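Using the sequences and the accompanying hints, generate a full structural model.
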Amino acid sequence: MPADRNHCDLLIVGSGIMGACAARLVRDARPTARILMLDSGPVLGPVAGQRLHDMPDGELRLRYNERVSSGVQGLYVGAADVADDLGGRVAELEPGMYRLSTFGEESSAMPSSALAWNAGGMGVHWTAATPAAWGSEIPDFIDTDEWARDMATASELLHVNTDPLGDSALRTALITALNDVFAGQSAPGREVQPLPMAVNPDADGGKIRSGPNRIFPPPRSPRATTRTSSCGRAPRPFACSAREIRCAALSSVMSSPVTSTRSPPPRPSCARMSSAPLNCCSPPGSGRPRSDVTSTNMSSRPVA
Numbered sequence: 000m001p002a003d004r005n006h007c008d009l010l011i012v013g014s015g016i017m018g019a020c021a022a023r024l025v026r027d028a029r030p031t032a033r034i035l036m037l038d039s040g041p042v043l044g045p046v047a048g049q050r051l052h053d054m055p056d057g058e059l060r061l062r063y064n065e066r067v068s069s070g071v072q073g074l075y076v077g078a079a080d081v082a083d084d085l086g087g088r089v090a091e092l093e094p095g096m097y098r099l100s101t102f103g104e105e106s107s108a109m110p111s112s113a114l115a116w117n118a119g120g121m122g123v124h125w126t127a128a129t130p131a132a133w134g135s136e137i138p139d140f141i142d143t144d145e146w147a148r149d150m151a152t153a154s155e156l157l158h159v160n161t162d163p164l165g166d167s168a169l170r171t172a173l174i175t176a177l178n179d180v181f182a183g184q185s186a187p188g189r190e191v192q193p194l195p196m197a198v199n200p201d202a203d204g205g206k207i208r209s210g211p212n213r214i215f216p217p218p219r220s221p222r223a224t225t226r227t228s229s230c231g232r233a234p235r236p237f238a239c240s241a242r243e244i245r246c247a248a249l250s251s252v253m254s255s256p257v258t259s260t261r262s263p264p265p266r267p268s269c270a271r272m273s274s275a276p277l278n279c280c281s282p283p284g285s286g287r288p289r290s291d292v293t294s295t296n297m298s299s300r301p302v303a
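In terms of numbering that gives the first Met the number 0, the sequence shown is residues 0 to 303.
Worth flagging that the hints you see were computed from the coordinates, not collected in a lab. Please note: incorrect hints may appear among the correct ones.
Stated by the list, open to error - So the derived label-pair ranges between C-beta atoms look like this:
id : residue 1 : residue 2 : range
1  : P30       : Q192      : 20 to 28 Å
2  : L169      : A128      : 15 to 23 Å
3  : R170      : L9        : 38 to 46 Å
Predicted, not measured: the structure shown is a model, and the values here were computed from it. The C-beta atom is built at its ideal place from N, Cα and C for all residues, glycine as well.
Below is the structure:
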């Protein structure tokens, strides 16, 4: 592999469910691949990428359960009490869910639209419900066999359980009654049934939800690193022990120079950025970075 100082085999922006799945597939196919994952916001809880429902921190788990009990995203999002448009002062935000307007984004068409400002993205907040797409939900331009293979891969990565809560007399009575009422109206295989979820029992009989940390667990080598940070916060690695950086929020990634007939638009830069380089890759057993990337184009606006 090239040893130039700006090289990683794979750069993944986002360490949520999708980012973790991509990293896992690459890790399984190429165990020696050097992977760098970038995400916004600090770590939420003691383990990066862990579902909040499964947090050992009792207070954090209680706050999560109180918010999620409403079943309404607008009440769950943590930006309800935060003044809109913090501009670039992202370092002032605690990890969690925030409305887009908090970051100065236009959201009038969908006022409650939100994003996760934490390592693991929405993967630490999601309900872990995994109902399979059906009918018109499935793109008709994808080959049927290919779709089936991809669904099987996704189910394996997410640890999907088709009957996560188990049988009970109440559930049996409800399903039987509903299927009697709607008999003949449901398509084959679409009758009332248990909801598949990325939920599985642990050794103590509890129910563990799949988060990014379960999909892409810590590798055995220092070849995968996730950087999560905002100016003024000490970032923490997601997937393994590795060197750390301080930087602003990522808005663009600059690769090697590309010949173009048009002049590129001006690139904004971070108003205050650590001089520490982005140490993304280390060879096995070396104890030092193999490839360093230092960026000055990592914020869409100045960070206070």
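- [ ] Mind listing which of the numbered hints don't hold for this structure, in increasing order?
- [x] Checked against the structure, the only hint that fails is number 1, while the rest are satisfied.
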